[in-house]
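K.L.:
The task is to assemble the complex, starting from two chains supplied on their own in separate frames and drawing on the hints.
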Amino acid sequence: MQLFLQRVIDGLTNGSAYALVAVALVLIFKATTLINFAQGEQAMLGAFFALQLWMWGVPMWGAVIISMILSALLAALIERTLIRPFDPSDHLPLVIVTLGLFLGINALAGLIWRFDPWRFPELFPSGVAFSIGGANVTWYAVCTVLSAIVILGSLQLLLSRTKIGLAFRAVSSNLESSQLVGIRVGPTLQFGWALAAAVGTLGASIYVANPVLSIEPTVMLTVLVFAASAAALGGLDSLWGALAGGLGIGFIQSLLVQYAPFIPTELSLLTAVVVLLVVLFFRPAGFFGTAAVERV
Amino acid sequence: MAARIITAGSTEHRNYKLIVGGLGVLAFILFAFAYIDTASLEIAGNKYNLSIIRVNKAIAFAIAILGLQVIVGYTGQLALGQSFFFGMGAYITAWLVADHSWPYLLTLIVVVPACFIVGMILGIPALRVKGLYLALITLGLAAVFPSLVKLDALSDYTNGAGGKSVSESKLIPPGWLGGGVDAPRGTISNLDRFAEFLQTFPVVGGFFGDGPLSSREEERMWKLILLTLMLVACCWLVSNLIQSRPGRAMRAVRDNETGAAVSGINLASTKTLAFGVASALGGVGGTAYVMEVGIASPDDFAQVIAILFIVGLVVGGVGTISGAIVGAFVIVFVPDWSSSTQELPIVPERWLQGPTGSLILGAGLILLTFVLPGGIVAAYRRLKARFIQIVPGVPTMPSMAAAAEAAIDTTGVDTPTAQEPTGV
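Those protein sequence lines, which keep their order, are chains A and B. Using our numbering, the letters of the first sequence correspond one by one to residues 1 to 296. Using our numbering, the letters of the second sequence correspond one by one to residues 297 to 720.
If you are wondering where the hints come from, they were derived from the structure by calculation, not from laboratory data. None of the values given here were measured: they were computed from a predicted structure. Just so it is clear, CB atoms sit at the ideal spot from N, CA and C, and this is done for glycine as well. Treat the hints loosely; a few may be bogus.
Unchecked claim - Looking from chain A toward chain B, a few residues come up when the C-beta cut is under 8 Å (computed):
#, residue
1, ARG80
2, LEU82
3, HIS91
4, PRO93
5, ILE96
6, GLY100
7, GLY104
8, GLY110
9, LEU111
10, VAL128
11, ILE132
12, VAL273
13, LEU276
14, LEU280
15, PHE281
Bound-form chain B, shown alone (with noise of 0.2 Å):
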């Protein structure tokens, strides 16, 4: 079957960018009521959760996630140690919601600062520092903090090894959207009108659970909302971010530090600034882990939390905005779903139980370098090349459609990693 081609810009192009990005909306907001109540799957005895809770923390590992594609995906440097971000932004949001009784959104724009200017100043060696020299120190970095943030003189602020938890939640939903702060029990919320909703259709209905949503319920919707925005606030911004100056910049430093150089960008602010924006984004990451969790514990940023995101990074797509929001999903659901394995036909019980989702992706990121560099994203563009192709449109000014024919030719199909990124 030949492909369908589609001219970038033209009304068939909006049309199908509209009707896929509504399905996708739409599929999110039902999955989203679905599963409200943490459903699971049964296969073969067994039971996957597919939990809210599950999807808010893949959309904080997403948002870390991104911040290496920026730096490692679109600049090139090797730099590893995000769960170092990743904690930083969870201790202050954790530390400013706990202590200082701030509302969580509002701590990011302390979190947001902090990790950036960091995240600058630690990237000062990698001006020198290049290659495989800063994987190791960033790696090293990422090993060191859970024992910095155990430290006793910082333990007013960390409260130690116990971890600073959140014990009062803030993030109950306004009350135009769910019950509101002061609501009565009982009060029917315009979230709990909209489940009813879907629970009135035939047959599907009782996917929708039963009756209004408790509060519970309806906080984690909230939070849902909440991290979905943020996570498409930040997609957004590095999508910008890439294809502006700054970004076409950091580009020509992952392809050819020489030739970039050469070209008059200037290497060390490209790369500061890409160091930075990395690292901020990493710990807005932490403040939607800990918008979730409600805990900001030390174990939960040890090393392998820096390599779970490498590999996340690698198994989405490096290099891809998207590819980002696809490793962290199976970075999350990958470990969860093999220890709820607890049973299968031919493999011994003993070799379910204890970190097998560990080995299952330390396995699948040594075999997908080998069959698929470019990752799951690079899979589905290929895929989906041999039924839609989008092709730049031709200009209308007639000296320049011999140029534009010329990209159409280059504008292949399975360009590798390198492809600019085609929405999220």
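The shape of chain A in the complex, shown without the other chains (with noise of 0.2 Å):
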């Protein structure tokens, strides 16, 4: 019972994690119906800005709040430069320009800060805060869970209480309407991509946080793959759902290697990926999102 709790304690921690860059995908494919696969590096590159600023001797806190804020400048460049350009239906070209963004940004974090694991300043007090039956919960783990609930829930209010909320919403449930009543989309894509940045930096930076694990610029690959599976699990457009795959993919992947023997560690990832491959088979809207319907 003690391990099982912790098992799903640590679950919860991870899923935490990848609910977060899991809610950046689900941004942008609201607003684009696009997937990004660069936003893991990008995510990662943010991360690296914090851990920069943090060894300037910048506070902790005030080094992620800046590398958000710089992430998110640098995503709503990227997508006037080199997503703007492309017409949204086609996907080849995106998806190319994606993975050129993917290759290249991974390549250029690895010429700054070469293919080491750094080690990320806690962003959380450490200890155990409480033990249920046993299980230690750790502060981290508290605090991870609790930022992905805070960010959710700001994110629910910035989008249905503030204008710029308004228009995003109504851009992505439909493009050409939105346009004729004068909202202006491509700023308003362009707030998406932004905000959807600086939601991946901190998830990031929460990730690479945790005191077992540290920062190098391969350190996102795997998570994006979680990350992703998240989000179609609990839907691809549904914010809430992200947070639902997350933590449900967290879980299924601690509890599949404490329980399932037969399924080695190295395989968590391969679970990730056929929850994917199952949930898009037989729900391709996950289980918040709204199904597509489409006209021939």
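P.N.:
Structure representation (structure tokens):
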């Protein structure tokens, strides 16, 4: 029982970090029906910004917030220069651009920070917060889950209570109609990209702040697979679905490793891909997403 | 200067094809003998390898990218995880050769059906899952492959993280060509005779090394010959496939899926076939890779290789057969040469050490989608059309002449990627 609880807590912790990256994917997908394959790398770059700022003497949380702003600006620039010129319904060029970004950003980070693991400073107090049934819940776990919920809540508020949020929802529900009622579609989508990059950066920073992990340019490669799987599980256009999916994927991963000895640890990535495959095959809209209706 | 217009099928066209083809083969042979020893070019203080080893690797990549051409370029399905099948073919070959002493080429009779079937099975979700979702799943599969072969349960076959190495090379040239298996040292083989013949030329003879070839060089040459033949066979098969009925169905699916279905094309079987063929080609590429490298190790088939294949696909030209070859050479030589560049004026040294090649490829990929969506092959075709244009001949039947005239008008010069491949 104690072991089970411990695994559940670990799963929830990892799942919250996946959920934040998944939310970033969902934000872009909602706006543009594009899956940004470079999302993980953008988030990794943002986390490295934070690390670099911290090494220059900026206080930790200040560094994370500045790097969130920086990566939001970078994403807005990327959207304007590399994404907007293409026809959003033609997927191949957009996939190619995001894969080019993936390769380029990864190489850039490798050039600047080298492929060595760096110790990321702890964002949350260390030590054990409390224990339930013999299982220890660290402050890191508590704060990670809480920050995922807080971020989701504030995104929800932003999208439902502000004018730009309204514009964003209008654009994601019907691009042409929102254009007709006078919404400036381009800047709205740009806002979506910037928001996604900021959330992704926070997610990556929290993920690598885990005391047992370190940051290196390849750290987000697998996280992106988990996050994409989480986003698909929740429905690619549902924010709270991304949280549920992230927690679900974290859960499955953590329990399988413990209770299915025939599935070795290295294969936890495969479970994410299988979940992705099963979800897209049987329920392409995920559990909370809206089913796409296509007119031919 | 007005372009010279050649009618397809005329004597002139035949001569043109013979001359271009002959020059190509001659250049290839001369290149092979000139760079059989790991020769290098020296530009601005940096040494750039041109060796056969890298060419062989590029040929293996070209076969895999050819598979991507079938599924992405001709069928329009975003199945991007080609490294999965590349790795699968490589491991099957390594396992059969190392543990069961099969000859390399014979392993193809296992690799091709195995990859074909697995590809078809993995392609089944693609009948429901479209576009970006498919890209997501296939890239996920590509990410999984290294951890799959590192599994303890499979370590008898794959040798875990260390990689499956083929300790003993079985690629010794046959007796009529090279030294043969039992030939004593110093035997003059036909390859040696040819190399020495090239060396006798005045002025240029020096490029072709000195004296007979070493056994290592002969082996390398034999690998080059075998791999080139494999590549040519694959190109020929794919080009036939594309021009046949199933190939036309694939292109119809790419251009307008609904329209294709309405015209009576069975979408499910067409897509499944494309998946199977693409995966089988990926497997053949993997076999070729092991033939050259002699080891299948997990990290050679990581997700980043799948992305490199896509780079090759796009840089060469989506939907062209020759694009696969051009793209493969780009993805082999750009990283290699950028890591051999130790010093450059202006650029600080720090930026030259590390994954500079990937940065160039990533940036180049994005740039190319903007300025040259058809890739290098499209640029070459556009350039060539300024000098030589090949137009379809006018049929002799008078009633068809008008139709042919119309065809000439539409067979434009720079038709984008959807153009039929004109040879390799």
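K.L.:
Run every hint past the structure and note whether it holds.
P.N.:
Verification of the supplied hints:
| no. | hint | in the structure |
| --- | --- | --- |
| 1 | ARG80 | violated, 14 Å |
| 2 | LEU82 | holds, 6 Å |
| 3 | HIS91 | holds, 5 Å |
| 4 | PRO93 | holds, 5 Å |
| 5 | ILE96 | holds, 5 Å |
| 6 | GLY100 | holds, 4 Å |
| 7 | GLY104 | holds, 3 Å |
| 8 | GLY110 | holds, 4 Å |
| 9 | LEU111 | holds, 5 Å |
| 10 | VAL128 | violated, 32 Å |
| 11 | ILE132 | violated, 32 Å |
| 12 | VAL273 | holds, 4 Å |
| 13 | LEU276 | holds, 6 Å |
| 14 | LEU280 | holds, 5 Å |
| 15 | PHE281 | holds, 5 Å |
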